[in-house]
Each structure stands twice: as C-alpha cells, then as structure tokens.
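As they're listed, the protein sequences go chains A and B. So the number in my numbering is just where the residue sits in the first sequence, counting from 1, plus 1049. So the number in my numbering is just where the residue sits in the second sequence, counting from 1, plus 467.
Worth flagging that the hints you see were computed from the coordinates, not collected in a lab. Quantities reported herein were computed from a predicted structural model and do not represent experimental measurements. Idealized CB from N, CA, C, for every residue including glycine. Mixed in with the good hints, there may be bad ones.
[What the hints assert, rightly or not] Here are a few chain A residues that face chain B, going by a calculated C-beta distance under 7 Å: (1) A1099; (2) A1101; (3) F1135; (4) R1136; (5) Q1144; (6) F1148; (7) L1152; (8) A1247.
[Claimed, not checked] The following label-pair restraints were derived from C-beta to C-beta distances: (9) L643(B) - H1070(A): 50 to 58 Å; (10) T1178(A) - R844(B): 20 to 28 Å; (11) G1195(A) - E649(B): 24 to 32 Å; (12) Y716(B) - S1160(A): 28 to 36 Å.
These are the residues of each chain, in order.
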Amino acid sequence: MIRPSLPIIALAAIALPAAAHARDIAVTVKDAGGHPIQDAVVTLDAPSRAGAPGHFTINQQHTMFMPFVLVVPVGSTVDFTNLDPFRHHVYSFSQAKKFELKLFGQGEKRSVTFDKPGIVALGCNIHDTMQAFVRVVDTAFAAKTGKDGRVILRGAPDGPARMTLWHPYLRAPGNQLAVSAGPGNVAVAVEVKLRRPAPMQHDY
Amino acid sequence: MWGLRAKSAFCVLAALSIGLAWPTAAVAQADDILGPQAFDGSIDLRASVVGGETGWLDGGFGKLREGGDNREQRERLRVAAANLAWKPQFCFNLAGLVSVIHQDGQSAPVDLSEAFLSYRTGPAPTRFSGRAGVFWPPVSEEHSGSTWQVTDSITPSAVNSWIGEEVKVLGFEGKLEHRLGEHKLALTAAVFEHDDMAGTLLTYRGWALHDVRTTVWSHFPLPPLSPSKAPYQAPRTDPFWETDGRVGYYARVDWQTPWPLSVNLFRYDNRGDRVSGYDNQTAWRTRFWNAGTMASLGNRTVAKAQVLWGNTRVGPDTPYGYPSDVDFAAAYVLLSRELGAGKLSVRGDWFKTHDNSYVASDDNNEYGWSGMLAYKRPVTRFADVLVELLHVRSERPMRLANAGIAPRQNQTQLQMALRVGF
Chain A
1050 MIRPSLPIIA
1060 LAAIALPAAA
1070 HARDIAVTVK
1080 DAGGHPIQDA
1090 VVTLDAPSRA
1100 GAPGHFTINQ
1110 QHTMFMPFVL
1120 VVPVGSTVDF
1130 TNLDPFRHHV
1140 YSFSQAKKFE
1150 LKLFGQGEKR
1160 SVTFDKPGIV
1170 ALGCNIHDTM
1180 QAFVRVVDTA
1190 FAAKTGKDGR
1200 VILRGAPDGP
1210 ARMTLWHPYL
1220 RAPGNQLAVS
1230 AGPGNVAVAV
1240 EVKLRRPAPM
1250 QHDY
Chain B
468 MWGLRAKSAF
478 CVLAALSIGL
488 AWPTAAVAQA
498 DDILGPQAFD
508 GSIDLRASVV
518 GGETGWLDGG
528 FGKLREGGDN
538 REQRERLRVA
548 AANLAWKPQF
558 CFNLAGLVSV
568 IHQDGQSAPV
578 DLSEAFLSYR
588 TGPAPTRFSG
598 RAGVFWPPVS
608 EEHSGSTWQV
618 TDSITPSAVN
628 SWIGEEVKVL
638 GFEGKLEHRL
648 GEHKLALTAA
658 VFEHDDMAGT
668 LLTYRGWALH
678 DVRTTVWSHF
688 PLPPLSPSKA
698 PYQAPRTDPF
708 WETDGRVGYY
718 ARVDWQTPWP
728 LSVNLFRYDN
738 RGDRVSGYDN
748 QTAWRTRFWN
758 AGTMASLGNR
768 TVAKAQVLWG
778 NTRVGPDTPY
788 GYPSDVDFAA
798 AYVLLSRELG
808 AGKLSVRGDW
818 FKTHDNSYVA
828 SDDNNEYGWS
838 GMLAYKRPVT
848 RFADVLVELL
858 HVRSERPMRL
868 ANAGIAPRQN
878 QTQLQMALRV
888 GF
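Given only the sequences and the hints, what does the whole structure look like? Please build it.
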C-alpha cells in the first residue's frame, strides 16, 4: 500500500547539519476552482543528501495501480503486488527505469529497484487503462500532496527556497513548474491547471 | 455462406497468429484460460414502450428495435439479450476472444458473435498488434468490451447501429502504435472477407437505431421491396455471407493528442464484385469513410462524435446506371456527463441516403434525425440500470410506395434495461 513520504520527511529532518536553521515549508496546490490537487510532487532545489533507500509497495487492485504517484529515494525497491483475481504484466519504458514484469497472478509479488533519479511511467500490458508514476528523487526534501492538496517539507534549510512542482497532468513544459518561498516557516499556495487525460479509446 | 473456404481461411489466419506469437510465448496458467476471470457474461432484461409504424425486424420500415402494433402503442418485457464471452490469456502477448449472444427475436437463438486470436508485441514506444478471426472493424466509439455492448446508452447511433448489423468481417488486422512525446499515433490495416452483403439494409430499409448485433449465422428481414427489385433480391439479408471470394480492406489512423482529444479516420472497401450471388442475394460494393473524435470537456463530461459517408451499389453497370446505387451519410454528437454514481447522456443523430439510379421505380432516398436522452446507474456491483428515451423522425418515399403508409414518420421509444453481469 501507500507508504507516503513520511520516511523521506523524517530523514529530511536529520539530513542537514544546519538543523538549527531548519524550517518547514508548506505547499498547498489547488486548481482555479479551489479544488485541492492530489499527487503533485514538490521537490526542494537545494543541496541535500538523498534519503535512505527504502522498501515501498504499489498494489494492483481493481485494475488500477495504487498509489497513482509514488515518491521514492533513489536506490529504493518497490514491490508490485497483484491483488486482482487475474494476472497483470507491469512495465515501463521510461529512461529512468526500463523493466518488464511478465504475467503474475493474484497474491504474487515482483520487485524492482529504482537506481536512477527521474520519472518512471508505469503501465500494464494486459490492461491499457492502468497507469501510474514513480518519482525517483535524489534529495531528502521531496513529497507529494495528499487529498487536501497539501504537502509539508519539514526540516528544510532556511533562507529563500526554490522548489519544483511536478504532476503527471500539469499543464506546463515537462509537466512541472518552479515555485519559490521566503525564509522561515512559510506556507505557499500554488494554483495550477491540469491537463485532462484524453478519454480512452475503446478496446476491440 | 459460411463455407469451407472461409473456415480454412480462418484456420490459416489463426495458425499464422499463433506461429507469430509462439517464440515469445510463456507457459499459460490454467486460470488465465479457464478460470472465472477468463469469462464475461451479462443478461439484459428490458422493458419498452413504443408506438408508430411496424419495426424493421418485423418486416416494416420502422427505424427502432421495435415498432408499434398496427400503429398502436405496445409494451414489451423480455430478456433482450444474453452475452457470454471467453477471453483466454494464453501468454503475455497472445490472447483470444470467443463471444456468443442470444438476442430476442433473432433468427438464431444463440449464435457466434466474435472469435479471434490477438497478438501484441512487448511494451515499447513502438509496438505491433494483430488479430485474426471474426470481429467488428474498429469504427464504433460507442461499443466496447468483450461482448461489444453499447456503453453509455441502450441504443447506439444510426452510424454504429449499421456497423453492428452489416459490418462484421472475417479478417486479419494489424496495428502499429507509436508514441511521439505526448502524442500517440496508430495505424491499423486489415484484409477481410465475409462482408459482401453490407449495404443491403442501408439501401432497402435505410438507416435505423437499434442495439441488435449481427452474428455469424443470423439474417435480417427486409421491408417490402419494390416490384422491380423483388425478383432479384431475397426478402432477407445474411450480413456475414461471402459470395464473390474477393478480399476487401480497411484502414484507420488514430491520433491521441497531448490535449484531452483524440481523432481518427477510417476507410473501408469490401471490393464486392456486384454480380456474384447466392440464393437471390448478391455481393454489394460498399465503400465508406468514417471520421471520429472523442474529447474530455471538464472532469466529468466526455464528448464523442462520428460522421460516416460512402456509397453502396449492386448489379452490372448499365447505360442507365447500376440497378441500385445509393450514397449514404450519417453523423452524431454524444455528450455524457457523470452525475454522482450515474451517467447522463444526450445524443443527436442525423442521417441521409441519396438514390442515384432508377428512382422512378425504386426510390431509396431518405432523410431523418433522432434525439436521445439516457441515464445509466449502477445498482449493485454486478448490475446497471439504464433508462432511455429515443425519438426518431424520418422521411422515406418507399413507405408510401411499398407499404401504403405516409413517407414521413415519427416514433418515440422509452426503454429501461437492467444489465446484470459477471
């Protein structure tokens, strides 16, 4: 299941020796209508050790990947667990990680280690509607927004900050945009426009 | 005819598919082939109220699945359809589909709907897929799934009603997909047989709106024919017959844009020779184009549209034209909006045929439009209820000449369906 960014956040708190100057940056992402945007990944553009590699899970259930977006430190391993009563065939041909997990059935698990930072788009070769993303990061200061559209980067170094906000459907070049924040504990509100995914073509 | 030649062709195509896939095939698990997940089934319990002219399935000129009873309103309650599909996944790149259907009032109580093997290369930015067997060409934006059912309403548009009744093939189809950044392009091409009768219904009955799908051995009645045509045309059509042995083709281009919009263009030509016949049914030469689009409008609304146009003709080329030579065109726009757990759909249809020959003795001109409002809502995990109001207005001179009723007819149909599936 989802292992949200708590380990990353916790690591962030101890990542920098300048803990005395650490502060929290809260980012809230909404659309023009004020609706919170879930699964937006906020990454602090500041020198930082990467978080310790961890072990994460992406389930396949009800012909969907859960979670839709997963943030993991580089070197982490993700278990793909099939909870559906039929087989899946998970793959990615993204530059950051190319892999293929040929048909595996209910209750079976396959693992992949993500050893390069970047964005890994996932699909299922049997069920074209299934889609998900793994954001592999080399910083301790990265996390994704929850259902309330909010994320907190805890223990970030003080001073003016530049951040990158990414969402797979963000209407911006590379699906990302720059966000800045002032010093101290700050709360930043970002308004974004999402691209609606094209309706799926019918299968034949 | 579903002859030996056709069966042989199917076997060859199937063998080719398996041969193509075998080198990369992994050992299948029994559950993928015979387990519960390898089967889909559904039953459509239907209640309907309709008045007006006699329906085309009862030998009239009516445009809907059912018509009135001597122009009186008639209520019906029945099992409209039962579908069963077997969809084995032999390995990660080789699958199959065999579906059978029962449709109320059809010539074959249970019949084969589709049967094909499909192959797909492994995941990559460019990939090939193919299928061989009996299937519908990829035209309809409204049908989907292993049992090829209408997704947003009970009754498909005039365009896709015709695809469902007259455009089913025995063929081999290949598809090449390529991702170009956020664009996705696909090129599909196929060769086929067993669609020589496409155009018969469109000419002698005109367009219609109904959810009856043609099957391998099914046949449909024709409305009363003109005295000049009756000696040369059986009072029925068998849509899946092959009589001339000529191979037809179709091709399709798809572009899925980075925006919430996809477009496609489709071309079909059955290359019928117009003269080969069997049992007073002759191969028609039918060609058409179809342009389709699908777009998301907001988070909960999807728009679909298709326009289809072409020509069908039969018989030798005479100094006065072909014995039957009809241009046809139809289009629709469908808007579907999610409302809570349910979905509300509204659709407008337009259709027309233009007869190019012998109009004085056999006038197959037609013009019409239709409006539909439908609501679909799940009632349990395994059942949906659909309510649909459909009105159609059409003008066809042949009604007066061959059936003695007014050329212009209006018909309104209210239907409720309970689709129970597994």
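Consistency of the hints with the structure:
1. A1099: violated, 28 Å
2. A1101: violated, 31 Å
3. F1135: holds, 4 Å
4. R1136: OK, holds: R1136(A) within 7 Å of chain B, min 6 Å.
5. Q1144: With a minimum Cβ separation of about 11 Å from chain B (threshold 7 Å), the hint on Q1144(A) is violated.
6. F1148: violated, 9 Å
7. L1152: holds, 5 Å
8. A1247: Given a least distance of 5 Å, the restraint on A1247(A) holds.
9. L643(B) - H1070(A): 50 to 58 Å: At roughly 57 Å between Cβ atoms, H1070(A) and L643(B) fall inside 50 to 58 Å, so the hint holds.
10. T1178(A) - R844(B): 20 to 28 Å: holds, 21 Å
11. G1195(A) - E649(B): 24 to 32 Å: At roughly 27 Å between Cβ atoms, E649(B) and G1195(A) fall inside 24 to 32 Å, so the hint holds.
12. Y716(B) - S1160(A): 28 to 36 Å: violated, 46 Å
Hint compliance for this structure: hints 1, 2, 5, 6, 12 are broken, all remaining hints hold.
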